[in-house]
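Novice: Each chain, written out:
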Amino acid sequence: MPQLLFRGFNVEDICQISKPLVDELAEICDCGTDNFILECLHSTSIFDGKVIETFPFIEVKWFERGLETRDLFSTSIAKYIQSLEIPEFEIAFSTFREDSYYVNGKRCFD
Amino acid sequence: MPQLLFRGFNVEDICQISKPLVDELAEICDCGTDNFILECLHSTSIFDGKVIETFPFIEVKWFERGLETRDLFSTSIAKYIQSLEIPEFEIAFSTFREDSYYVNGKRCFD
Amino acid sequence: MPQLLFRGFNVEDICQISKPLVDELAEICDCGTDNFILECLHSTSIFDGKVIETFPFIEVKWFERGLETRDLFSTSIAKYIQSLEIPEFEIAFSTFREDSYYVNGKRCFD
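Protein chains in written order, with our numbering: chain A, 149 to 258; chain B, 149 to 258; chain C, 149 to 258.
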């Protein structure tokens, strides 16, 4: 956590931006870089009867950190995605509840 | 958005129904067809020690549109899934928060 | 439902634990074993510029069943994951809303 789940991106592109992106996100979140998960989900998209390229979409799954951090976080992601010359992409944040999260089987929060 | 994430469906089947389905959903939502994402996630299912066919499941991710639209939306999806002679399937709706959604790095809603 | 979505696990490992795990989870939930879905999502993870093994993560998607059931459920999952000698893994529970869930196109709950 935080998890960045990418759909519609090349793995090579994410490799290229991964280090500076995670360094910057870790600073925003004030946590270690090894907390971050960057993961490309495999999928096939369809439109108008045909297989098409998947629209670039990033779902960030994490604990709630508030609007200000969210704005900074998405601005940082956007900067690196735009450096790949990907013109259109969307980012959505989803939250896990802290009392519904277990590390090695142990609940971390009351 | 809306995103229809399919698991346990053949891509060819979704291709076949995609155009009339999206036309109908766009009418229900009163928005353009190019807002819709149909995406098959790749997965492997397991039961009783063996790999099995994945149960047909559709997660719809969108902004909250209320019960009436949800009912119309799922009735439309069901009609097209049933036209493929798939007897059993489930649909779940998940919502994104509008203040947690960013287009090209810019938050769209306060 | 409940759905156990695995990322970062071998399908063979999940096959190996699937029967006793689902038997135990069905007892905890007081429901039939055929309600359970175990599904490995295909993905590729990246860190520090390179493709790495995906961190073992399980998202449980179900209806809200309360803290006590959640604790029992995750303890059971953890026991079987640890029997595979996987030292580190995380589990998060996400809930579907009952009025947003449709079986064969029919809403099950008001």
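None of these hints come from the bench; they were simulated from the model. Among the clues, some could well be false.
Identical copies carry no separate label here, and so any pair may be met within one copy or between two of them.
[Unchecked claim] Result set (DSS-like, lysine-lysine): computed pairs, CA atoms no more than 27 Å apart in a straight line:
no.: 1; residue 1: K227; residue 2: K254
no.: 2; residue 1: K198; residue 2: K209
no.: 3; residue 1: K209; residue 2: K254
no.: 4; residue 1: K167; residue 2: K209
no.: 5; residue 1: K167; residue 2: K198
no.: 6; residue 1: K167; residue 2: K227
no.: 7; residue 1: K209; residue 2: K227
no.: 8; residue 1: K254; residue 2: K167
Novice: For which of the previously enumerated hints does the structure constitute a violation, in increasing order of number?
Specialist: Of the numbered hints given earlier, the structure breaks none, since each of them holds.
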